[in-house]
Each structure stands twice: as C-alpha cells, then as structure tokens.
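Q: Here's the letter readout for the chains.
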Amino acid sequence: MFFRMITKTLVRQKSKMLMIAFTVILGVSLSTAMMNVMLGVGDKVNRELKVYGANITVRHKDAALMSDLYGLTEGLGVNDKFLHEDDILKLKSIFWGFNILDFAPLLEGHAVLQSTGETVDLIGTWPEKNAVLATGEELHTGLKSLRTWWDVQGEWLNDSDSESVMIGNILASRNNIHVGDSIILTNNGVRKTFRVKGIFNDGGNSDEKILMQLSDVQALMNLHGKVSSIEVSALTTPDNDLARKAAQDPRSLSPEEYETWYCTAYVSAICHQIQEVIRDGVAKPVRQVAESEGTILNKTTLLMILITILSSIGSALAISNLITASVIERSQELGLLKALGAYNWQIVLLVLVEVMLTGLVGGVIGYFLGIGFAQIIGQTVFGSYIEIAQMVILIVAVILFFVTLAGSIPAIRYLMALKPTEVLHGK
Amino acid sequence: MKILELKNVSKIYGELKALADINLSVNAGDWLSIMGPSGSGKTTMINIIGCMDTPSTGSVILDGVDISKENASSLTRIRRDKIGLIFQQFHLISYLTAVENVMVAQYYHSMPDESEAMEALEKVGLKDRARHLPAQLSGGEQQRVCIARALINSPKILLGDEPTGNLDEENEGIVVDLFRRLHSEGVTIIIVTHDPEVGDVAQRKIILEHGKIIDDIDQRATFGEALKLRA
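Chains A and B, in that order, give the protein sequences.
Under this note's numbering, the first residue of the first sequence is numbered 1, with each subsequent residue one higher.
Under this note's numbering, the first residue of the second sequence is numbered 1001, with each subsequent residue one higher.
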C-alpha cells in the first residue's frame, strides 16, 4: 500500500516532482562536474603550468652553496662543479618517478666563433632524448619539452643531430647567421664545424647563446660525462604545513610525518628523492613556478568547492520551496491520513520517500550530466578529458541526501504541526 | 454499557468557551445526533470525541479509557482503533481508487487486505465501483466509500460530521438507510447534523447552543416511525 501510494502520488504530482528532479539535476550536475574537475585539476593545472618551464633544478652541492651564500651563478666554485651524466636517467627511478614529466641536463661552455672571432656561450643539452629505462619504460624527454615557449625559425635539434646547433636570435643577427649556414667553433685546440638547424627566440639571455648536443659541448670543453645542472619538470602537490616543515629539515619530522611527506608528491619530497639518486646533487624548487602552481591549484580548488557549496545551498532552497508548496497543497490529504491513524513519522516517511526517490532519479541523471559538463570543462579549459573520480559518486550521494533532507525540513516541520481538525473541517 | 462519557468537559479558546461544562453519556449501540446552530460547539465536540482534540477541562471516557489526558501519539492510536470517521466533504484520496481508499485505513490500522476492503464496499453497495477513482463517483457514492473506509477496522463508534451535508435528497436517503442498517447491526453512531430530518431519525438527539447542551431528546418513541417515514 505504501509504495502504491508513493507511485500514484509521484505520477499525480509529476509536474512538481519534475521540478524537484530538475532542481536536483542542476545541483548534482554542477557538483559532480566541479568535484571531478577539482580532483582532476591538480595534474591539469600542473601540466598547464609546465609551459613555464621546469619547477626543479638540480646542481652540484658546492655550486648550489655558492649560489645560496653569495648569489654566484658563475665563476670558480660554480662553473667547475659538475654532476654525472650517467645519473640523470635515475631520476625516473625515484618513488615519485612517474611524476617526473620531463628533464634535461645542461652543460655551460664557451668557444670562439671562427668567422668573427667572438667568444660565445654554449649550452649543451639533450634537445630530445629517447631511451628505454631498466624497467622497460620508454622515455621521451629533453629540453624541447621544457622550452615550449621558444619561437624557433628552422627546426629543433633531435637526438641524432650530432653536428648541428641552434643559435639564439640576437647572436645570429649580430653575426649574420642564417638557418642552413655552417659555423666553426674552436676551444682548447678542438675545432668543430656545425650546421645551423634553427634560430630560437627565448626572450632571455639564452638568445645570445648556442644550443647544441651535450656530447658536443663536452667534447669542446673536454668535460666528458659531466653536466652543470639538470632542469626537471615534475607534477607536484601544493605545499602545506607538513611540506614546509619538511622543506626546512626532513629530520625534524616524526616517523609518521616523514612517511606521509615522503609518500606525497610535495616538491620538497621530490627534491629529497632526487638528491638520493643524483650524486653530489642538490635539488631545489624553482620557487616562482612551484608557488604559482600551488597558489593557482589552491585557488582553483577553493573556487570549485565554493561553487559546489553554493549550488548545494541553492538546490536545498529550491527543493525546500517546492516540497513545502507541495505539502501545503496536499495538507487535506495528509491531514486525512493523520485522522485515519497515521503517526507523524509515517506521514513524514511517506513524503521523504517521495522526495528521495525523485531526488535519486534527478541525482542519477545529474551525475551523468555532470560527467559530461566535466568533460566539456576539461576539453575547453585544459584540452583534455577529466578523469572520472569514483569517490565523487559517494560524495554526491551524501550531498544529495543531506541537501534533500535539509530542503525537506520546513515541510517536515509543517507536517508535524499539521492538525487534522484544521484541514478536514476547513478551519 | 457506556461506550462514551463526557464529564464536565469544556473547551476554551482564549476568551471563547466553545464547550462549557458538557456532561454526556452514550451507550454502546446507540444512535445519537448532535444538532445546533453554527458556532454552537458541535464540531469541537466531535473533534474531542474523535480524539482529534483534547478538552481544556473535564474528562472524556472512551471505551473505558480517559482520553483527555492522553498525548498526541496515544490519541492517534486510540482514534485508529476505536473511531470511524465520516466527513461532510468525504475526503477521499483523489488518486486512489475506491477500494484503495478503504485499504489506506487498513494500512494505518494493521495490514491492507483487498478482499476485506471489497467486502466493506459490497456492504455499502459499491462493489462494482471499487476500481473507480473518486472523481468518477457521485457524491452519494463517495460518501458510501467514506463510510466503508470508516467501518473497515470495526470501530467502536462511527462518528459523522455532517455526513449528508453535501448530498442531494436521494443520496441522503441512501446514506441514512445505511446508518439504519449499521445501527441494527449494533454499530454505535454519533452524527453532527444541521438537517432536522437526519437528526430526527436518531434514537436520541441533543441540541447544542453556545457550547452547552440545551436539550437532550429521547426519540426512541418516534425512532421507528421516523425511519418508516424515510423509507
């Protein structure tokens, strides 16, 4: 009888129930979309920010010390301290190796440009690096992925271009060098000819340098197997108090805190793990990028949470109005049920089940609609699909239950106070 | 045997005394009509007897239980078990069929039983209209469904608030005949009515005015005659 009454009430009040379902659909779809975006936005924002370059640099510990103490970026004690090239691929073996998206070694050097006699700065790197790791994982990385903003005339170097270079546009312009030209560089009695494959515009002091294969600079500088620094782009989690405490000194953490910190992709934890595999290396976050990532991510998350809360409150208010209106309209019928012997809780249960069933239908539709919205947001804002988080189903179900319940409170109060005598005798 | 006893019952709303020191006894199997002008306290009295309201002072003994001191939940249980209610506006649930309307009262009393509900409808002559919605029934038919619903749980008292107030003469006759038959089967009937003809067919009639019983008329002498006249 109970479900017969429920079914017939739902059918009879279909326009009102549709309005309630529609309200739930709007609220749930917005909440679902926002939460899915919120949970998936960390990686998306990080990937978006990756265009601004690496967020971690690794240098020799002595060079880093000179830089920290005296602000020196070149000279004795800085330029003569090197990392080992054969450690670089170990970056992918750390606990958070999967979060290391791209990296490239840098070796700074200099040589004389024979055509003009000018001493020019060299940057040796892996423009592109394709390798197979010990784990069998294929690796595609290199500086090209870390300099996405470069405007390149001609072509980027690839990992097989051993006697080609790219030249910064200022240097190229000053020396009247064009794409396809050959240049001769000499240093320490070593003389090598290179073809200019591309001219790049960095917008910084790199525009006066020559970019070439790491092995070529090592040969010119007689620094085989050495690199000055490594630029790393990693997906990180925004810092919190624990991360900030660990960044000061990981040894200050309790064992539980250490485990939590180590197993979370904080930039400090990733730096710590990088130092474990790079001999004599000190990894430091590029604060501007790392902090921007954290700030943007936190603000985006806050915005999503606010939208979810506001849409839930809006839904609760709308549901409240609709249910209260429906109950007032049905007060004679519900008063009659009381007169026939229904307890208050039985009447409340009847109304709540009606509303919950309507909410459930609206919730299911809203959930799938929300997934669609999330994908639209993903495609529009981040150019990729948002991964659907299973936990959103549970969160949305809990929100839906409480929003519907909260929306029903005025109607429940009205029902509890409803006296059959007031509605059955028309007083 | 007394089924209902009101002792010094008053109901006061602010300055207004809707019922003033009412004393009334009803025996099991009696047919009582309550009459009086508007505002005389008829509905207040029926609300108190029907456990939908409580008196301000005095006591109401229903089937041996003083209901004047009971809380809302107990009153609901007592009403469900002992009272069958009939309303002037019928108050059938519009989206349920006649038999389902009867079954609702069963559902809130114990367990719905469709065959029992059909029997109740047969008793009021509406078995063939059992699957119709209230909107598909005439006023008289709706009131008979209401009576079947009131009777389905075998109440101690059948309580009617202007049960013929919305009916034409023909349907009024049908409903009164139904009351007569129920009375002959031993059902206790208390009816509030404006209609002197309906009031006259009861065994006993009380007249209310300004919340007081101003007349208590034993109609047993003319009871059979009035029924014959109606028949």
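Among the clues, some could well be false.
Distance condition first, Cα-Cα at most 20 angstroms in a straight line; then the derived DMTMM-like pairs of lysine to aspartate or glutamate [said to hold, decoys possible]:
(1) A:419 to B:1081
(2) B:1002 to B:1015
(3) A:284 to A:249
(4) A:8 to B:1081
(5) A:8 to B:1113
(6) A:419 to B:1053
(7) A:16 to A:329
(8) A:419 to B:1128
(9) B:1017 to A:422
By construction, these hints were calculated from the structure, which means they are not laboratory data.
Q: If any of the earlier hints don't hold here, list their numbers in rising order.
A: 2, 4, 8
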